[in-house]
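Chemist: Residues per chain, in single letters:
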Amino acid sequence: MILDPKATRRYLLGRMADAERDELEKRLLAEDAAYEDVLATEDELIDEYLAGGGSSADRRAFEERLLPHARIRERVAYVRRLRTLAAEAAAAGEAVRPREAGAPWGERVTAALGLGRLAPSPAFATAMAAALVLLVGVCGWLGWRAAELSTRVESLQARTAVAESALEEERAAAEVAAPASEAPRQPAAEDAAGAAPAAGELARERERAQRLAERVAELERRPAPRPRVTAAFILSLATRSSSGVRELAVPADADTVRLQLDTGAVAAGSLGARLLAAGGRVAWSDSQLPAQTDGSLVVAELPAELLTPGRYELLLEETPAEGGEPELVGAYEFHVR
Amino acid sequence: MTEDRWSLTPEALGSLLDFLGPDPESAGRRYQEIRCRLARIFEWRGCAHPEEVVDETMNRVAHKLAGGVVIESEDPFRYFCGVAFMVFKEDLRGERQQLEALAELRNLPPPPEEDEDERMDCLRRCMGSLPEDERDLILRYHTGEGRSRIRRRRRLAAELGIRLNALRIRAYRLRGKLEECVHSCMSMK
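Protein chains in written order, with this note's numbering: chain A, 1 to 337; chain B, 338 to 526.
Heads up, some of the hints might be wrong.
[As the list claims (entries may be wrong)] Listed next, the in silico DMTMM-like pairs over lysine to aspartate or glutamate satisfying Cα-Cα at most 25 Å (straight line):
1) B:Lys514 <-> A:Glu23
2) B:Lys426 <-> A:Glu23
3) A:Lys26 <-> B:Glu370
Just so you know, these hints were derived from the structure itself, not from any lab.
Work out the full structure: start from the sequences and follow the hints.
Modeler: See below:
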């Protein structure tokens with residue numbers, strides 16, 4: 001590697017510090033390999049721009065700094081032609097080539113549902129996959145809620161059983177004490193010897209029963225703890241290219257917002273995410289998102305209180321399994337109402 | 338730029354080429370290369386009119402040489418670089434005006450594409466003339482959007498047994514090869 005790809009990218013998008021930039025430019029004039037490296041990165045930015053990739057800040061920088069130049073526009077037109085040919089070749093090839101085991105999740109689902117012929121376009125397959133995932137997600141959430149409520153009911157029933165058992169013991173103790181008082185009188189000496197301990201024990205039992213009854217009454221009076229409320233949304237990469245930005249309505253009583261990101265593929269490395277608020281401020285980040293267990297879906301859970309009304313962009317970054325710098329693999333824009 | 342601009346005379350250009358090397362042909366190539374690279378660098382710096390800055394740079398160096406100044410620099414490229422950055426800083430338009438000029442360029446209508454069909458036709462022919470492995474590489478490289486695009490490239494690099502950066506350079510060189518072919522094809526139309 002001649003130059004650091006991330007540094008070259010910063011240079012082209014106008015984000016490099018002056019001293020570092022001056023040093024790089026001296027190398028560009030003197031070293032053929034370094035110059036070629038930057039031109040290759042320039043093409044990468046063009047390809048990424050045409051593919052709808054990169055963060056919105058990157059796209060804006062590209063449009064403001066590079067796109068005005070006639071040379072870059074010609075380059076954009078050239079790369080667009082290449083992408084057109086590549087799309088044509090891919091469409092022709094996929095019609096006869098059997099599905100690969102490593103095909104993207106969306107394609108495998110489409111094939112499994114027998115919709116191959118009906119869903120020729122990746123966008124349709126993605127939409128179908130997203131709808132299916134939404135359905136599974138809703139069912140899963142309902143199942144979880146039902147299980148939670150069932151657990152609470154069992155817990156209350158158990159507490160009630162304990163309280164009833166205690167009251168039963170108290171009653172039984174009282175009944176034992178009562179017949180004892182009606183039994184034929186023992187000789188006075190035995191009365192005198194056994195009466196005091198029995199009375200003390202009975203008093204203790206009555207106190208214990210009383211405390212249990214009060215405790216049960218207190219528990220029943222105490223309001224049940226508010227269950228945690230999680231609002232879940234699915235964001236797909238297709239959302240960015242559709243008209244408008246995705247609008248999310250976060251309930252006022254939500255504690256957590258779960259964002260399920262449809263990435264279109266399973267990651268080979270580890271995934272992290274950063275949430276950018278207005279002005280590019282990093283409002284939240286997580287360098288180790290939970291491993292994907294549901295195909296191409298990645299889940300990011302954020303405290304709901306962070307998502308005040310406004311515009312946000314969630315950047316998804318993948319760190320290769322063999323190590324190295326994280327690479328931007330997806331950007332999801334949304335607006336919180 | 339300075340008001341009293343000095344034009345590049347044939348004699349001055351000759352001095353400039355001599356400075357770049359004893360062999361006129363290779364000196365001429367170095368001259369074009371320097372111009373090209375400087376223009377790119379000024380584009381990347383956000384300069385709205387990079388060619389003008391490059392012209393001024395060449396003029397100043399030639400002016401010095403024509404005036405008999407002996408420039409002792411181990412690397413002519415670095416010398417031109419130093420002069421170029423000075424010219425860039427002196428640019429009277431300033432950063433704000435550069436941005437305004439760039440905005441004006443952005444608002445210009447796109448170039449006419451009457452020959453788009455012909456260019457596509459040439460590109461198809463040139464693609465067909467590539468060896469199969471190169472054609473496969475460049476088509477697979479430019480397939481896909483978003484996350485799948487990056488995944489495909491990683492897979493492609495793994496299949497070729499090279500790193501992602503090496504794949505990037507290889508794709509860049511293939512694009513250059515195709516571009517030259519398309520240029521030749523268009524010139525014959």
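Chemist: Decide, hint by hint, whether the structure agrees.
Modeler: Do the hints match the structure? See the list:
1. B:Lys514 <-> A:Glu23: violated, 30 Å
2. B:Lys426 <-> A:Glu23: holds, 16 Å
3. A:Lys26 <-> B:Glu370: Holds, at about 14 Å.
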